[in-house]
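Here is what each chain is made of, one letter per residue.
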Amino acid sequence: MAVRASLFFLFLLLCSLLAAALYEDQVGIADWHQKYIGKTKQAVFHTQKAGRKRVVVATEENVIASLDLRSGDIYWRHVLGKNDPVDQIGIALGKYVVTLSSEGSVLRAWNLPDGQMSWETSIEVLKPSKSLLYVPANAGVEKDNLILVYGGGCLHAISSIDGEVAWKKEFSLEGFNIQGISQPLGGSIIYIVGFTSNSQVVVNKVNAKTGELLNHNSVAYPRGLSGEVLQVSSDLLVALDAARSSLVTINFQASDISFHHMAISNLVQESFVTVSLLPLNVNGMFAAKVDSTLVLARVKDTGELEVTEKINDPSCVSDAILLTEGQEAFAMVQHADNRIHLSIRVNNDIATEVLKESISVDPQRGHAQKIFINNYVRTDRSHGFRALIVMEDHSLLLVQQGEIVWSREDGLASIVDSTVSELPVEKVGVSVAKVEENLLEWLKGHMLKLKGTLMLASAEDVATIQGMRLKNSEKNKMTRDHNGFRKLIIVLTKAGKVLALHTGDGRVIWSVLLPSLRESDVCDSPIALNIYQWHVPHHHAMDENPSLLIVGKCGQSSDAPGVLSVVDSYTGKELNSIMLAHSIAQVIPLPFTDSNEQRLHLIIDRNSDGHLYPRTPDSINVFLREMSSIYWYSVDAEKSMIRGHALKGKCNLDSADEYCFSSKELWSIIFPSESEKIAKIATRKMNEVVHTQAKVNVDHDVMYKYISKNIVFAATVSPKASGEIGSATPEEASLVAYLIDAVTGRILHRVTHQGAQGPIHAVVSENWVVYHYFNLRAHRYEMSVIEIYDQSRAVNKDVWKLILGKHNLTSPITSYSKPEVVVKTQTYFFTHSVKAVAVTATAKGITSKQVLIGTIGDQVLALDKRFLDPRRTLNPSQAEKEEGIIPLTDALPIIPQSYITHSHQVEGLRDIVTIPAKLESTTLVFSYGVDLFFTRIAPSRTYDSLTEDFSYALLLITIIALVAAIIVTWILSEKKELREKWR
Amino acid sequence: MTTTTTTMSSFFPSVLLLLSCLFFSSIAASPLGSGDGYTITGRVKIDGTGTRGFGLPAKLSNAKVILNGGQRVSFIRADGYFSFYNVPAGTHLIEVSAIGYFFSPVRVDISARNPGKVQAALTENRRVLHELVLEPLKEEQYYEIREPFSVMSLVKSPMGLMLGFMLIMLFVMPKMMENMDPEEIRRAQEEMRSQGVPSIANLLQGRSS
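In order, the protein sequences belong to chains A and B.
Following this note's numbering from start to finish, the first sequence increments by one per residue and tops out at 1532.
Following this note's numbering from start to finish, the second sequence increments by one per residue and tops out at 244.
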């Protein structure tokens, strides 16, 4: 018996351990993975050689990537650390990509074909300053090709072959700020030009081979300089003076520095407000933006300026590229309606446009923000150009010959928030017109398919057939399915763009660049914050579309006014947008809807006043009824304080605003600031479903889970240990975990971990919390679990009391009653650092849970909650084993097969979102960072549906065999009977 | 009421580490000129590659070395070496992220009193490293291995079992019946008839007769 039981247990264990496992040929059936790079900051083309043409880009998501110039695919990609932003990139020797990062302190060279790091040099930076990378353009065969790096008051010359520092030169001058490095062609002299804080122009002449300072020259400019400066040619600088009213040309290569200045008003012949210089890098030319006009000017040999052209309302100008000796070209982009006009000019004949193209661009991509150009020689020896354009929504386009060759939706690398929307219900009855149309479509489709089978289809037809197949394939349909696997994931990106992704294959269904979240006169620097479900129709699900609420604000400060926008989730059309008069500190989606089924949202502003949305008389009626039971809390990390709030009444504003409510503070918890600092707050998901409150123990005892929507997990660390790992000793570090009731402010449980520190990641679900932190004593990461049980219900186990009616089962559950709780905890080691923690969610909450852990390697590990069960003991009894309690181990197991991302990495992982499917056993998981990954998992296997690899053939064979057997036996028995009768 | 387990962290091999620092100091940490920072240099080694190898396996070109849970990220050079510059004295954690391999995090102590003295130990099994050479503890296989088609798997499946049982009933039962005493069979049949339990055989007989 014991053997059998243990075998059974083993079988169960095996079953559950393999729950998330996947066969290699199943990759891509339920999951998809998309790779992105983020908004391009800088791009360098590499097209010299025959063979693979590529462009190397550095992005704001700290990615350096090499892209295929023909298709936009990623050849290789590296995501640098978050504290290591890329400043500049270049290509050295024609085979290395050189990146300067961390404010000029790290220089790395990557092998161009495969992205392998070749060398890395650390540059000592004493004080943060502007950094500059200068890779000599004549990347030829010369042996000692030196890369010049300026950072933190020091100029380093670094060999591009192995990264050795050839020489270094310190510029210890107070307030020296480098503006340019120039090396006249073929010369062995380097000019380093900079300004000091007191408007002195300093020119240093340095020997390129040895770093020896040949000449030092400094002249003060009497009117002062603004610090904005451009290098126009190898010996000329153009700067703005302190008053920002005139331009100064500085000639520095001659033996002494000469100035020449010219008022901008003379240049443009009109009054202006703002002026800024734009880098152009064309020899002898520069660009200045005066108000909204772009002024192109040439510097004559005498140092005088001459305006060559004025262009109104351009978007951006590219850096120049060298075509032939002394001939340089640059590109400019202008906008008109939904088209962008690209023009390319050459410096020796500036007035004429070498190339003028007009390209139609999706209006949802916004304006062009950056442009990089590259040239190629056509067969007729003329120059052709291709342009890489970075759009407002962070997408990347390659334009060649007036067409968009490829585009990348790289805004998806910076998702801010996400939500889910159901797809439309499949309509059974359709109108006659639709039937006719459908019939025609159907006929067309079949004709195409027929053509395909008869091998008559052209390439175009094949593509259409493919598209149709894709559209009709079960998982990619645009309608709701029975299992709830097909949904729309709606994401909000940093650029203020909202995109809907289909869960079937991750394709973009619609995208909209919200006008309210674009930079405009009313809204200076908009920030996209959150996305919520605004309207989920149930009564009229057939003919009403659901909609979404997008919340943003204008400006960084906490009192910046908010922006609301409502978007249809089927079409992406913006239905409504409101510019708020108040700020946004917190958005609380309330569990109530008005008569139009619009979800009520309470927006708390900086003064703790609540504002109700939608602003309808109906919503206020609903709200007033429920007002007394609305509580919320706010966290003040600076003061180490958590406050609880409730609504009081109408606002005491001068203007009567009936949708504004004032609040009162109910409670506050102040942590001692000298010993505790808030490091993490976590709460339960609002939409989580709990199946049962009771939990039956091994000894058939019932424990009641303490289930409350108001439970808040807060963790504090000692201020000394609030930094990174390695900055504190175990003695001065401690971590305190609290469970707080957010309505009363009562601390339900408190536990201290000595010698532990952050970063803390936590997830709260049902009656438990799992949190991850670092144990300094063991120098390993730990995960702790706290389970909380309601003791006051435990007395109901007495049957006599139940019969006599002395139970409290019917008494209302309220946060105000003092609960008697019992807490169970346990702690385990966990190997990896963690980036995000989430928990699976299912429709009814019956299925057992898995904790999803985003590891430092950008993978997502599914860990059974049973491993994080405080009832685990070293030697579980027979009864416990049968219940599935796993013997206690000191570390949590990492089973490679339970990585739900299998062999993919979600680079730059930031968050994991779980969405319940309609099928109880299944959870949809969407994780995002720089990459996106979606899959569906079944924490206890798909017990309610047949798996995809279910063999229908075998079932059929069995049935046939059974039927055949019945017939055979029947015949046999009949024959036998006949024989017996004859006998 | 709190129940905490005693499995954790109470035992810490401090003695072991103290002993180890007496006789080993081979891991390089060179102080930079500026004073407070040290350089940690190590090597990631995977079987089949090394200093004399032909570079890292293709999938390792995306490997990262992470200091203190993401504070800094470094990359591996073609020969497997990696470095962290300007690391302050103290106890640090180095992790290697390489798809397909499981690496143990490494605890690295940089002594402030004896500049340049560095100790390293794997945190998973507390093995002390004399050189900062990081090797994967095991390879990670992310997929289930599909077993090749076999008759046994068919037989073992519920439907296979059902079929098997049927076949047994079909061929073995009549044999058993034959071996039985005809008297006994008749008695049993009579008994069954008197009880009125319909059997499949009876039903079939009834229909055919």
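Source of the hints: derived by calculation from the structure; they are not laboratory data.
For glycine and all other residues, C-beta sits at the position ideal for the given N, C-alpha and C.
Keep in mind that a hint or two might mislead.
Said to hold, decoys possible - Below 35 Å or equal to it, Euclidean Cα-Cα: the simulated DSBU-like pairs (lysine-lysine) are: (1) A:Lys1244 - A:Lys1229; (2) B:Lys80 - A:Lys631; (3) B:Lys173 - A:Lys1524.
Unchecked claim - Which stretches of chain B does chain A cover? Using the computed rule of at least three CB atoms under 8 Å from a CB of chain A, they are: (4) 104-115; (5) 126-138; (6) 210-224.
To be verified - Selected chain A positions facing chain B (Cβ under 10 Å, derived; list incomplete): (7) Val768; (8) Tyr770; (9) Ser1271; (10) Gly1275.
Margin query: Need the list of violated hint numbers for this structure, in ascending order.
Written below: Of the numbered hints, 3, 6, 7, 8 and 9 do not hold.
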